[in-house]
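Enquirer: Chain A is already provided as a structure; the job is to place chains B and C on it using the hints.
Protein chains in written order, with this note's numbering: chain A, 1 to 142; chain B, 1001 to 1515; chain C, 2001 to 2099.
Bear in mind the hints are in silico, worked out from the structure with no lab data behind them. Being a predicted model, the structure only gives us computed values, none of them experimental. Glycine residues also receive a C-beta, built at the ideal position from the N, C-alpha and C atoms. Do not take every clue at face value.
Which stretches of chain A does chain B cover? Using the computed rule of at least three CB atoms under 8 Å from a CB of chain B, they are [stated by the list, open to error]:
1. 11 to 25
2. 30 to 44
3. 79 to 93
4. 98 to 106
5. 120 to 131
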Amino acid sequence: MGHDTAEWVFVAVVIAILVYVGADSWYTEKLVEDVPADATVIKVTGQQWYWSFEHPNGTKEISTLHLKVNHAYKFEIYSRDVMHSFNIPDWVVFEDAVPGHVNHAWFAPNQVGTYPIQCREYCGLLHYNMRGTLVVEPDSKT
Amino acid sequence: MVLELQKPRPVWQIMFSTHHTDVGYLYLVFGITFLFMGGVLAMIIRTHLFFPGQGVLISDSATFNRIFTVHGLTMLFLFALPVANGIGNILVPIMVRYKDMAYPKLNAIAFWMNPVGAALLWLGFSDTTWVSYAPYSVIRAPGPAADMFIFGMKILGISSILSSINFVVTVIKCKHPDMPLRRVPLFAWSMLTVSLMTIVAMPTYAAALIMMLTDRLGISGFFNPWAGGDPIAYLHLFWFTFHPEVYIFLLPAIGMMYEIIPRFSRKPLYSQASGVFAFVMLGIVGFASWGHHMYSTGMDFTTKVVFMIGTLAAVPASGMHVFNFLATMWGGRIRFSAPMKFSVGGIALFFSAGAGGVLNSAMPLDFITHGTYWVVGHMHLFLIGTIGFGFVGMIYYMFPYITGRMYSEKLASAHFVLMFWGTVQTFFTQHILGLMGMPRRVYDYPTSFTSWTILNQISTVGAWLIGASFVIFLASLIYFSAKGKPANMDDPWGIGGKYYYPVAAKNPHGGHSGY
Amino acid sequence: MKTLIAISIIVLVAIALVPQIAHAQLAQQTAPEKYLDLRATVWNEFFRMTTAAFTVGAVVSGTMIWLVWRFRESNPKNKAPTRWEHLDDPAAGDPEEGH
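Isolated chain A (complex conformation) (with noise of 0.2 Å):
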């Protein structure tokens, strides 16, 4: 029965670890969660078994997402049926969309390119194939 020193010693540096792991955790999640002002709205809709967008002149894209690099945008996640969960795994994109909430995710992709787009909540029958495209075009402006 009893501790002795090691064990104290041995428990005050996981302690020591796990403040660190919070602390930084803590300060990277405030970084992430500010959103720039100035980002476009994008409404994305999920249901069984395909993502649908809007931009916020009214245009409407399905499957493929057309957006322009070095702009901030924000998404706006809804669902139409069941749970889903928008994911766009190369630029660390991901918020579940739950029907009866409306959930925000943002990013600004700094590099011209194509990336896939997918479902990352069980969401039936045809789950593994809720996928899509995320084009990010150069910005013709500049």
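Expert: Chains B and C alone, transformed into the frame defined by chain A:
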């Protein structure tokens, strides 16, 4: 039957018995049977994912979804819980020096609810995933599978509450008066902790299941947004039960390691007090972390921080267990028989899984890991790596006690090497797959992602190794229980000392000959 | 031994810090981006966490491997029985005394 072959009894005598060892055997046989049934499903899933885009083995995603759902339900509720209960049934009354469980008939009733629940889960073959998130399970999941799932889980939940009540009363009220609670062996402590946790956690899920059923029937709309409900409410109710449930699966395995490691190190435990403290601590803080499963559902910053702290708070207690194990081995003279091999392997994988868990709980990393194969790898490292290794080690440890015969140490070593290698290869690879963004619960993935294909194939080969190791396990269980060399019942492993829990149990029907 | 441990701790801290200092200097030289680079921020956090995890992992698994090697019963240094082995149940003995 493999049971008690030295003095065979008719099977019905075991089946209708209420004696704690008999009910324990029933739990063990039931749990091991479903381990292999769930394992076959796992092999089908992994083999299918070896060949993307071809529909090998499983030709449609509906079947695939049903298979991984039933695989998860089977391994959690028809393997992990029954095996823990079985070993608990055999050992806990002996450890607290009582003649039986506190309520023998309740014990038998709790066991016999399991086959009914199992039949409902397997005959229904639901596709809701084991978490059965609303609103999918409410508005889209096909019946009667989903309804059978609800009733099956309901019955299994009641069963686990009944057996928990039994364990709590046995340990607290029926222990020998000379034995203070702090001296109760740590395996019995682990069963006490998880039983208390079950009693607190399980009613929430039981309520959620009823709400889901009435939602499905259209009577209510708790989780249905089109009837004014909120799916997030289901997630909270579900994870309030099932994050503590993670510890309910885990702690019995830790308790088993506490039983095995000092024996094979020929040394007393480093600290009984810190083991007890860590169990109780985990039992309490286990209830403070359920929200980390829901970071991405639109949770606000403060709530995330609270749940992150709650999650991290569970780590020092887990670390104390690891420290206790290592400090017990320190200065011992360790014989690496099969139970010890599995325990030490289990500690190593427990640490890896725990480190992955700390990464998971960091809020920003949720963007990378949540809902991907990272989570699959992480939770399988716990479920196979820690719980599976602890249970398999304990089954080898109990083997001579139950059958009076010895297993083959060489085959057990082969089992250990294959299982350890397979576990590392399968689930470490799945962590990397998750970092590459592969979502979990997918029937297929694009063949154009070649790195996904390669990693999936590596992972599948590892799963085959685990499968092969369990073929060895099954064969040795069957063969050596009938044909093995008679074990030295005083000291089966030649580690010195005279301790032999299960023969101390006086079974009214006879049981072992000569004891 | 103590100096060895001290040196290895200093080396580990240096390995963790140097890339970050270098990165910070690089970031000062280049023009500041208009927006936060979300994926770089999150992945940097990920690699900081994995550095911590693998460092702890190296210590823990190193200790375990050493324990298994040193205290296995076949190790020549382990010929003598432990002081609890004459008891009926060594695992139930008192860790302090062993009588």
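Enquirer: A separate judgement is required for each hint: does it hold in the structure or not?
Expert: Here is what the structure says about each hint:
1. Only residues whose beta carbon comes within less than 8 Å of a beta carbon in chain B count, and the segment 11 to 25 of chain A has 8; three or more means the coverage holds.
2. With 3 residues carrying a beta carbon less than 8 Å from a beta carbon of chain B, the segment 30 to 44 of chain A meets the three-residue requirement, and the given coverage holds.
3. As drawn, the segment 79 to 93 of chain A meets chain B at 9 residues by the rule of a beta-carbon pair under 8 Å; at three or more, the given contact holds.
4. Evaluation of the coverage hint for the segment 98 to 106 of chain A: fulfilled, as 7 residues show C-beta separations to chain B shorter than 8 Å, against a requirement of three.
5. With 11 residues having a beta carbon nearer than 8 Å to a beta carbon of chain B, the segment 120 to 131 of chain A meets the requirement of three or more and the stated coverage holds.
Hint violations for this structure: none, all hints satisfied.
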